[in-house]
Amino acid sequence: MNFAKTAWKNIRRSPYQALAAILIMTLTFLAISFFTFLLVGSSKVINYFESKPQVTAFFKNEASQSDINQLENQLQATGKIASIKFVSKDEALKIYREQNKNDPLLLDLVTADVLPSSFEISTVKIEDMAAISNALNKSALVSDVIYQKDVVSTLTSWTSAIRKIGLTLVVLLSLVSIFIMATIISIKISQKKEDIEIMKLIGATNWYIRWPFLTEGILYGIIGAVVGWTIATIGLLYATPFLESFLKGIPVLPASYLDLLVLLGLEIVFAVFLGAISSFLAVLRYSK
Amino acid sequence: MIKLDKVSKKFGTGVFGLSEVSLNVDKGEFVFLVGSTGAGKTTIFRLLIRDILPTEGEILVNGWDVVKLPKNKLSTLRKNVGVVFQDLKLLLDRTIFENVMLPLEVAGASSAEATKIVETVLGQVGLTEHKDKFPVQLSGGEVQRAAIARALVLSPEILLADEPTGNLDAATSWEIVKLLTDINKKGTTVVMATHNLDVIKSLGKRVIRIEKGKIVEEPSSVKTLEGQGVKKGSEKHKIEKEEEKTE
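Chains as they are written, first to last, in my numbering: chain A, -17 to 270; chain B, 98 to 344.
These aren't lab readings, by the way, just hints derived from the structure by calculation. The structure presented is a predicted model; accordingly, all values stated were derived computationally and were not measured. Ideal placement from N, C-alpha and C gives every residue a C-beta, glycine not left out.
The list that follows gives simulated cross-link-like pairs (lysine to aspartate or glutamate, EDC-like), each with its CA atoms no further than 16 Å apart: (1) A:Lys62 <-> A:Asp110; (2) A:Lys(-9) <-> B:Asp190; (3) B:Lys107 <-> B:Glu153; (4) B:Lys186 <-> A:Glu176; (5) A:Lys(-13) <-> B:Glu202; (6) B:Lys100 <-> B:Glu153; (7) B:Lys186 <-> A:Glu179; (8) B:Lys176 <-> A:Glu179; (9) A:Lys182 <-> B:Asp148.
Short derived list, chain A residues pointing at chain B, Cβ under 8 Å: (10) Asp177; (11) Ile180; (12) Met181; (13) Leu183.
Okay, chain B solo, but in the shape it has when bound (with noise of 0.2 Å):
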């Protein structure tokens, strides 16, 4: 489903923001990828999606070969992958109804067809009731809820969520978590960036690490993991600023 081969991504500063990485993510599997800042988490989703290009490698997305896809391809890829961003990219001057069609308006849904999927989908995250308000008027989970309605909208094979539990107190983590692994019941892929130990331990999902560019051997333990920097789930972690500053 996801396969990345030898990778690497140079930046125009001459830092390496990934070096040969190669992974692989099947179908229908729930993946944490897991690193301290600036260890390239946020480089690979931005790979996925081509927001960048990389200096050398390949990369596969449900059978696209996303280095070589023609750009008026690009849409098309970014419709099949579901992205919770880190800063969420939420449009501030639209209500979180709104916010959610946006992508069934840029695939040309009708406007039938796009209020009954919106609804649907504010539904399961649980945000019915705030459809109305701007993200601004909504708690950190809430538009966290409302971010990851947007990415599921048009029903993507994958979704990606980087740091989706990143500044929330741990009941709004677990509330998102819980949020994540129903849609991956559902038969989505799902890639998680966190650094939230705790989640990583309850869920017994497979781990990716990434230090510095580069993939970690995967650990066998939750141990290996806090003796690699990862926090527990109860600490508040910093958002990734210098990993952005750096890309």
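With the rest of the complex left out, here is chain A (with noise of 0.2 Å):
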């Protein structure tokens, strides 16, 4: 408890330096949790993508059911196919109707014998879209094949990208902190210099002399942890209702409070960790 309170007091001392420290942490934090949101949100929206029917294969009038239940059975074979619906004429009629109900000369133009059957297909992998669909169009069947090649490979390729910079950028980040937090420490060090001798002279271990150093450093982390976690929550909180506008449908928003708990549980582990790597670097300095 003694480290704790010589460690704040440290920090009410010099609280330019402390100020510093906190700023940068919470800029690292900041960064994690933007990123965080990005990488969750996009991987959420590519689920979305993904639990849709990915590939429809829509039915000659001519194919017969037994030889459509035969296709299905070959495609399920594959081991590639996570589900396959079967939508009939009427079925397709139906969807058709409901989809412009408020439009009813197109209502009045269409019959079932006018809209194709199809196979509405999600595959295991996102991957096995083109097998499946090529596959597909080589059927005497099939008329017409389409999936959402473009739309998914996109959505997977910018995921890629920002997880790539979101991480390059936090790794930066970490290093950063961690080298001017260490180098903070190491002021406050040079500045309790004579102060550390005395204790060191008065019976204390350098163990007592590190701790308060360790836990201010692990102050600094938890704090800017929580102040940057708190301002990238408030700006997710505020954004959502623009987002799920422009998302249209996608359930991405609102953020589970929960989820948001635990990430400011596993920054606060991170803060920890980061904090007092910074700090030991210093007092190792120090004691060299």
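Reassemble the complex: the two chains are provided individually, in unrelated frames, and hints are given to aid placement.
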């Protein structure tokens, strides 16, 4: 408890250094929170598209039900199919009517005979879509195949880019914060050099002297993490209505409070690690 | 209790701080360590708490072999030897109470227990009413007493006092000396480095004289001391800055 008291006293006695340390930590954790939101959000968007029927194959009118069943069995045998749903002409009409219920003119013109029956297929892996699509195109029963190749692959490449940029930025910021914090703690140690010598002369162990500095670094980390997370979370909550309308029904938002708290917990653990590493580097230098 | 056997200390500059010094101090003794500026008195104190290591020789303090003492036992040694430093070494940003409390905090005493001990010791040295003041708010004699209180708070068996009456007026010097003799009467071994001839004369305790890093034969009379450069207590004495510079 004395360590925390001494650390708090150190923070109060050099507020500008403390502020600089907290600011760099806040910046690091703001970036971590921001990129976590982006990554989780984009992953949810990809999951949404992946869970939707990814490949739709429309059958020719002459395709018989037994041929269609046989094709279904062949596709299932590949092991690449997560789900497959047959949509009959009647069901297609029902869907058509539901989608165009506000336009009676369109409803009058269309009957079940006009609409083709189809398969709505989800693959286990997104990469399997092309193979399934090719197989369907080759089938004599199928008139047309559509799949969301572009949407999902674009999203995947964006997510991958975000992950890489985010990770690089977070690693860089973490390193910068470690060095800045270590420098600040080193300055504090040299300012207290005389006090440290006195404490050692009256019997203080090395760890007795190190602990307040380690606690101080950890405190800067925790405060930075909480402030960074709070700013990012407030930003997310504020932007939620705009983002929801932009995402047009893709169920990404609102973010779960439990998930946000888990993120805070993980950030605090990382902050403790960053703070401890920085302070330890500084006290190690002093010890030498 | 304290034994130095042929201890030499050569500093980085090549200057010998001590040269084959041997001395003994028995348990419960009150011993004066006298000598002119730069003679090596502070060096002996620094060696006894292993602030520095000797170049040669053996040092025993309360049964500990100071030279061979493992690093992790160093704090234990220092907790068992109270030191009143020549420059006091009080923490200026802490109150007298906090300064005296420090060795107890370092030793891991509980807050309640430490508070009780500090209040008792501050009472002994007559600083109870000044406990919340900072060192700069006190007179020379008061800060000296604060330094003694800090050295005593862990009830050490040995107390080393380096020029505790330096730069103090005669009356205040006597107060400090009386305090140290009272502590000695309670069983603490006291080694006091001083220039103050009046104090040495009046107490009639054993005197160890050191000059240019060597123990000189123990003087039989105060007159001998006067002849050897030890001045009367009524005279103001310079702080051994040169000694510190050399060390």
